[in-house]
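2 protein chains.
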Amino acid sequence: MTALKAWPNAVCHVTMCAMTDGIGIIGAGVAGLHLGLYLQQHGVPHTIYSDKSAEQVARGRMLNTVAHHNTTVKREQALGVDHWDLREYGYFCHHHYIGPTPETPELRFPGDFEAPSRAIDYRVYLPKLIEDYTSRGGDFRVQPSVGPDDLAKATEGHDLVVVSTGKAGLSSMFPVRRDGMPFEAPARLLCGGLYHGITYSDPKGVTMSVAPGHGEVLEIPMYSRDGFVTVLLFENVPGGDTEVLAHANYEEDPKAFNDLVLDKLKTHHPAIFERVDHASFGLTGPEDVVQGAIRPTMREDYAELPDGRFAIAVGDAHNVVDPVIGQGANSASYSAYTLGEAITEDPNFDERFCRTYAARRADRVNAIFDWTNLMIGLPPAPHLLQVLGSMSASRPLADEFTNNFNYPERQWDNLATPARAQAFLARHGLG
Amino acid sequence: MTALKAWPNAVCHVTMCAMTDGIGIIGAGVAGLHLGLYLQQHGVPHTIYSDKSAEQVARGRMLNTVAHHNTTVKREQALGVDHWDLREYGYFCHHHYIGPTPETPELRFPGDFEAPSRAIDYRVYLPKLIEDYTSRGGDFRVQPSVGPDDLAKATEGHDLVVVSTGKAGLSSMFPVRRDGMPFEAPARLLCGGLYHGITYSDPKGVTMSVAPGHGEVLEIPMYSRDGFVTVLLFENVPGGDTEVLAHANYEEDPKAFNDLVLDKLKTHHPAIFERVDHASFGLTGPEDVVQGAIRPTMREDYAELPDGRFAIAVGDAHNVVDPVIGQGANSASYSAYTLGEAITEDPNFDERFCRTYAARRADRVNAIFDWTNLMIGLPPAPHLLQVLGSMSASRPLADEFTNNFNYPERQWDNLATPARAQAFLARHGLG
Numbered sequence: 001m002t003a004l005k006a007w008p009n010a011v012c013h014v015t016m017c018a019m020t021d022g023i024g025i026i027g028a029g030v031a032g033l034h035l036g037l038y039l040q041q042h043g044v045p046h047t048i049y050s051d052k053s054a055e056q057v058a059r060g061r062m063l064n065t066v067a068h069h070n071t072t073v074k075r076e077q078a079l080g081v082d083h084w085d086l087r088e089y090g091y092f093c094h095h096h097y098i099g100p101t102p103e104t105p106e107l108r109f110p111g112d113f114e115a116p117s118r119a120i121d122y123r124v125y126l127p128k129l130i131e132d133y134t135s136r137g138g139d140f141r142v143q144p145s146v147g148p149d150d151l152a153k154a155t156e157g158h159d160l161v162v163v164s165t166g167k168a169g170l171s172s173m174f175p176v177r178r179d180g181m182p183f184e185a186p187a188r189l190l191c192g193g194l195y196h197g198i199t200y201s202d203p204k205g206v207t208m209s210v211a212p213g214h215g216e217v218l219e220i221p222m223y224s225r226d227g228f229v230t231v232l233l234f235e236n237v238p239g240g241d242t243e244v245l246a247h248a249n250y251e252e253d254p255k256a257f258n259d260l261v262l263d264k265l266k267t268h269h270p271a272i273f274e275r276v277d278h279a280s281f282g283l284t285g286p287e288d289v290v291q292g293a294i295r296p297t298m299r300e301d302y303a304e305l306p307d308g309r310f311a312i313a314v315g316d317a318h319n320v321v322d323p324v325i326g327q328g329a330n331s332a333s334y335s336a337y338t339l340g341e342a343i344t345e346d347p348n349f350d351e352r353f354c355r356t357y358a359a360r361r362a363d364r365v366n367a368i369f370d371w372t373n374l375m376i377g378l379p380p381a382p383h384l385l386q387v388l389g390s391m392s393a394s395r396p397l398a399d400e401f402t403n404n405f406n407y408p409e410r411q412w413d414n415l416a417t418p419a420r421a422q423a424f425l426a427r428h429g430l431g
Numbered sequence: 432m433t434a435l436k437a438w439p440n441a442v443c444h445v446t447m448c449a450m451t452d453g454i455g456i457i458g459a460g461v462a463g464l465h466l467g468l469y470l471q472q473h474g475v476p477h478t479i480y481s482d483k484s485a486e487q488v489a490r491g492r493m494l495n496t497v498a499h500h501n502t503t504v505k506r507e508q509a510l511g512v513d514h515w516d517l518r519e520y521g522y523f524c525h526h527h528y529i530g531p532t533p534e535t536p537e538l539r540f541p542g543d544f545e546a547p548s549r550a551i552d553y554r555v556y557l558p559k560l561i562e563d564y565t566s567r568g569g570d571f572r573v574q575p576s577v578g579p580d581d582l583a584k585a586t587e588g589h590d591l592v593v594v595s596t597g598k599a600g601l602s603s604m605f606p607v608r609r610d611g612m613p614f615e616a617p618a619r620l621l622c623g624g625l626y627h628g629i630t631y632s633d634p635k636g637v638t639m640s641v642a643p644g645h646g647e648v649l650e651i652p653m654y655s656r657d658g659f660v661t662v663l664l665f666e667n668v669p670g671g672d673t674e675v676l677a678h679a680n681y682e683e684d685p686k687a688f689n690d691l692v693l694d695k696l697k698t699h700h701p702a703i704f705e706r707v708d709h710a711s712f713g714l715t716g717p718e719d720v721v722q723g724a725i726r727p728t729m730r731e732d733y734a735e736l737p738d739g740r741f742a743i744a745v746g747d748a749h750n751v752v753d754p755v756i757g758q759g760a761n762s763a764s765y766s767a768y769t770l771g772e773a774i775t776e777d778p779n780f781d782e783r784f785c786r787t788y789a790a791r792r793a794d795r796v797n798a799i800f801d802w803t804n805l806m807i808g809l810p811p812a813p814h815l816l817q818v819l820g821s822m823s824a825s826r827p828l829a830d831e832f833t834n835n836f837n838y839p840e841r842q843w844d845n846l847a848t849p850a851r852a853q854a855f856l857a858r859h860g861l862g
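Just so you know, the sequences run in chain order E and X.
Quick note on numbering: the working numbering labels position 16 of the first sequence as 16, and the sequence is numbered without any gaps.
Quick note on numbering: the working numbering labels position 266 of the second sequence as 697, and the sequence is numbered without any gaps.
Computed footprint of chain E on chain X, listed as stretches where at least three residues anywhere in the stretch have a Cβ under 8 Å from a Cβ of chain E:
1. 770-779
2. 790-802
3. 849-860
Cβ pair distances, simulated, as ranges:
4. Pro379(E) <-> Gly611(X): 37 to 45 Å
5. Gly611(X) <-> Glu300(E): 18 to 26 Å
6. Arg608(X) <-> Thr199(E): 58 to 66 Å
Simulated from the structure, these hints should not be mistaken for laboratory data.
Glycine included, each C-beta is placed from N, C-alpha and C at the ideal position.
Only chain E is shown next, with the shape it has when bound in the complex (with noise of 0.2 Å):
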């Protein structure tokens, strides 16, 4: 054809579309790997890139405090990395304390998983879908981390870049979205930790205990480096009588730590507490702690490199959530999974790329980041606590509202709007 002649780079648009060395991945938390897993299970070349080894992982500090819903678990059944089976690893409900306040009383009522989920510590689950992953001769690559002024130059040779990380300032490659950073300051300050001496609920599950006015505390049955222990992650409304909890420090003192632990339990959270057993009741270890807070930051998901070619954000480096809810990482795995299938379908990595897999991802890691911001909210806004009480009244309404854990685009349509909420309860023949 003579058109040919208008391309003298035709050559190296046809080695774009060979993908010399594919996909590089930069991070290898639940995104990276998810991502990898899925390229190496349908033959697109890719590398990933870690600042930590396998054991590194397993032998270090406590990452967070992650469940993973069961949508997120069908993935990983997809992927083959399904180790821990759901009858003995997986939980089945939530079960939902609010404290009394002047105009309600005190609430407690479940709401059950159509299927189940399952919480297993991060220094486990990691580590050993980095061995599947290397097993199967996958590209695992442990480096330091490279800033964004290096990514370019590191990143020679793969055709798309994907960051999954927020480290080494990485996230700061994708603007914050206008709408991206809804709080001044940090709704909740946190204290996650792994206890024994916490009996299972019964159906196993999650408890979600709210202390009106201070925050909740997250009970999640973990499998962990010892076996099952016992999540308790305390949300703490700054200047809440629990705040204390995230400045405590556990080293200098743990039977003090221990015995605040259990104080607040006992004043705020008695559906927990009430399952403590005193004689074997702590913290399972110094490195299994983690106090912070994060500030709710959704990103722009994509960033064009000098050399033309794309970066696109995914998990942390995309936004990070509060954990109240526990969606963090699940979205991660979304978006991961997501761009695997859509770098499958459409190997032509530019800024139409891009944008359609921004598109293809943005109802459901939206409505996460919107609904987590609604849950952490203060004051509560009136429809989410209608919604709330109601459910204690419910049980399809509760249920409802529990297995959308795994549909978080549903939850959204059913909590956007004080006019949603009211055709929710509608729908349910209450409100």
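For chain E, the structure is supplied; the task is to place chain X on it using the hints.
This is chain X only, laid out in the frame that chain E set:
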């Protein structure tokens, strides 16, 4: 719940979601009818408002030169309106003719669909669907078109308004998108008509005949009021040798008109001319010709009405495209069907609903708009010429291009940029 106090207007919200009068659909073209049939099938209350009765449509002038590709036929099957057996009424391929240029010889090559397309005159098609709809109990109201100012009043009681016609200036409710008017002036001046006296190609297909510098002819085997006839849609480049057809007046001198058409076919479109039976050739009647021009326009997806309800644009109200690749009706049907799905999934007709629906249809609808505009752009993009030329050398390439008339977003994945076109060719071992 005490929070209930916070909802003086709870009742109206609940009413909203009970959908008093449900959906108000303005317009009874393919979009309005496919949406109405979908909602009818799913038990969603609604009304179709049309400015014409089935009889008026059946007895009227030719409306367009529409073909339905198989993805649209599949929607017709799902809606129970697949009345025209594809073995008899369908067509199976595209026959391409590209006239010679100083640098390139004449090219002739076919491309196959995986499943047949079908062209039924809308004066047969629409009345049949109106009959289906009303015989199934549909609320079909014939009344004069309302303009933008009367729309809210005319649709009072409906929870959502769907505007599927641009008549009476309704399009103006939806502002033109910033990138929504890519041409200063129409790129083609049209003369579409129904003709006797052209033997169908074998295998039965649409012939896309290109006269470089002058425009295209689409020859479509269509079933019309008088049975099987042939559409000749002349897409005339302004200033080109065939522009005269856009202005020729059939009624003034039918023989002169037919002779002019024959002369232009003979000069520029031999692949069609050679199948003409001169004894019987001619326009099927004075009402069977449409002349004019379409200025491609893409508008915003929705608008808020003064009373806070929302109106969503589908079909011509949302965008109009040149008929050169016969995608307009398929786009309208797709928009209508996906809107029906969205309505049954989330009956909260607020801005979130409109935004989520808009995102859902965006990839295909935008691809149709962009691809169509690439096809009529002047001068033709070199990468488009290269792909068309390469199709003559690669049957798999021609078949993929042809079948992608069913999947415009995939076509655009292959054509959106020169680099993508190179990757498309490279995937077929070309370029």
